[in-house]
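Same order as they appear, the protein sequences are chains A and B. If you read the first sequence in my numbering, its first letter stands for residue 1, the second for the next number, and so on. If you read the second sequence in my numbering, its first letter stands for residue 1, the second for the next number, and so on.
Hints listed in this document are in silico derivations from the structure and should not be mistaken for laboratory results. Misleading hints may appear alongside valid ones.
What the hints assert, rightly or not - Using C-beta positions, here's what the derived DEER-type ranges look like:
| id | chain 1 | residue 1 | chain 2 | residue 2 | range |
| --- | --- | --- | --- | --- | --- |
| 1 | B | D85 | A | T112 | 50 to 58 angstroms |
| 2 | A | Q141 | B | P139 | 36 to 44 angstroms |
| 3 | A | G367 | B | A101 | 45 to 53 angstroms |
| 4 | B | V112 | A | V58 | 27 to 35 angstroms |
| 5 | A | P362 | B | A101 | 51 to 59 angstroms |
| 6 | A | P362 | B | E108 | 18 to 26 angstroms |
| 7 | B | T120 | A | N10 | 35 to 43 angstroms |
| 8 | B | P173 | A | T112 | 49 to 57 angstroms |
Small disclaimer: the values here were computed from a predicted structure and weren't measured. For glycine and all other residues, C-beta sits at the position ideal for the given N, C-alpha and C.
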Amino acid sequence: MASISRDDTNAVVIIGSGAGGGTLAHELTRRGIKVVLLEAGARQSLASFSQVPGEAFVQLTWLEPRTQSGTTTVVEDYPTLPSWTAKTVGGTTVHWTAAALRTRPWEVSPRTTYGAVDGASLIDWPLDYKELLHYYQLAEQRMVVTRRNGIPGLPASNHFKVFHYGAKRLGYKQVHTGYMAINSRPADDRGMCIQQGFCVQGCKTGAKWSTLYTEIPRAEATGNLELRAECRAVRIEHGADGRATAVVYRDPGGNEQRQKARVVCVACNAVETSRLLLLSDSAKFPHGLANSSDQVGRHFCHHTGCFVWGVFDRPIEFWRGATLAGIVLDETRHDPKRGFAGGYHLELAALDLPSIAIAGFPQTLWGRKLGFVMEHYRSMAGIFLNGEDLPRSSNRITLNPGLKDQFGLPVANIHVDDHPNNAAMRRHGQQQAKALFEAAGAIQVLMSRQTPATHNMCTARMSRDPNDGVVNAHGQAHDVANLFVSDGSAMSTSSSANPTLTIVALALRQADYIERQMSTRAI
Amino acid sequence: MGASVITGRREFLGATGVLTGMLAAGSPLALLAPSRAWALDLTTLRSEEGATLLAAARTIAPHDKLDDAPYALVVQALDGNAARDAATLVLLRQGVSDLGAGFATAAETERVTMLQVTETTPFFKSVRATTLATLYASPLVYAYFGYEGEAFSKGGYLLRGFNDLRWLPEVPPADSGPVVGADSH
């Protein structure tokens, strides 16, 4: 690992070490560019991942206070956890379930495809799908995604057999064990999946791709990376010319430090990325850095997401096996006849015993109904609906001056009013999932409400017109040439795809651009 | 089964309350526990309050064949919340008082009726949330629900039944994938 001086004005400073930041760090360092990678969380390892579900959650999750508002049911159901994001080296790639899905061609031109939708702030992505596809293919090779590049699929689990049987009886055509960034055989100097079912707690075999044990150590091996874990960025500074000059952060002892920078890349997951830009206000940028358009924090998307559970009268033991290894792709299309714009995925999903009770059911479930379902825990099957969330300008991350964190900084408030399109899509998806389980013989079907989002997107979105977003097609801030957004915040819209593959693809593309810009001294 | 309330000596010794019980003979928990008799000290709540909360937890998450012991862990968690936060103590104490002295010994249908009245209150939400978060997180109950917990130390389920379901047809290879390593077994 390199040691980079805090006064080194040639360093690229990346804030956040997840899918975007970790990948970008590797891509830049392997080209000889010096990178300081700041990460708020601690560094775990395959050996240190807790396998006690509640402990693992605490080990990996951002648990500092946030507030929320709006009509979303998350406000009522999860008052202290509006969003489920990670705080650990590797970010959400440590807790993700590894569904590596591409956005579809029409999903990057949703404004054109769906037309004007009342109450939605849709824009088309400012890049060509063909170019995105090129980077998807690179990302899939790097992450060793199953069913791509000749990599075999994961084998069908008991849980998937139920899902597949119901889906086929319902008439679905595209049903398989998914495009997963989980090794179905040893590859990439990592082991294969042993179907232990503990994906979300941190994969102890390393079969699941995570920047923690792929991109980051490989970046360290170049000699060009200095990872500073447990270091919290609190402010990005700029010079008289409006260019970013340094990142102020708190070191593990809580002391303020200042790292000078030639380029700054923000990849803190959408909530904290927005918060950091808003906290970096100045006389030149009175509403926050890169926010002359007043778009930072707006258009927050989180996917239409909820669980549907089938209760059967025969054992399934759905905790055995890769947590999310199953998908129906047939509903991922734009078909207004269904009563909503955009599409969704039906994804196989299991939860461990403690988590299903806390997060799997409506918060109004108790008594004999709850007892019945829990007594059938070993005979349950689950589906997570993951659908395109339409952006609203008023769904946004703001600073809440009424609540301060340990450093005295206002926390983020997440405001979400569910769009009627989401409600219609959720109803449709719930009915389809219910029909799927009933076709497989379920004796009862239950539905959760919207769950706290781990897919947080679009709050510093790419836009052709600087008035519509925060960054250009390369994630470069419209206002600040040497400031980049390198996480899901930069996505122009949410699409129906779990976002990690897109974040990695965009980071690979961004690395090419940053290298070109640095070599021509444009930045 | 059936938590009883002992007052006197333990409260004299500093604990504010205590819950005791006896594991049913043949209970899976009895195999794990050093003794069938158990006792759990409360630091903030009184014994009678603990008994009411234990009955509330049993009503919220009823499992007839599950011993009182894991429900007592819920009371312990609530007691801990009350010890850490004065507002929680007030909330729980008032809620218990509102349920009344007869709650713990009332029939289940009566307890359900009494809790339904409180369903939207912070008291109920707090007790429900702690019940779910504690009861099902206790390794004491894993066996009862058939849950197997961590499996890494046992090599996962790849060769131990992740695909042993036989009441539905097998998935065609195109929609599945090879079980690497299965040939040697």
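To see whether the hints hold, each was checked on the structure:
no. : hint                                   : verdict
1   : B:D85 with A:T112: 50 to 58 angstroms  : holds (53 angstroms)
2   : A:Q141 with B:P139: 36 to 44 angstroms : holds (41 angstroms)
3   : A:G367 with B:A101: 45 to 53 angstroms : violated (22 angstroms)
4   : B:V112 with A:V58: 27 to 35 angstroms  : holds (33 angstroms)
5   : A:P362 with B:A101: 51 to 59 angstroms : violated (32 angstroms)
6   : A:P362 with B:E108: 18 to 26 angstroms : holds (22 angstroms)
7   : B:T120 with A:N10: 35 to 43 angstroms  : violated (59 angstroms)
8   : B:P173 with A:T112: 49 to 57 angstroms : violated (39 angstroms)
When held up to the earlier numbered hints, the structure conflicts with 3, 5, 7, 8 and fits the remainder.
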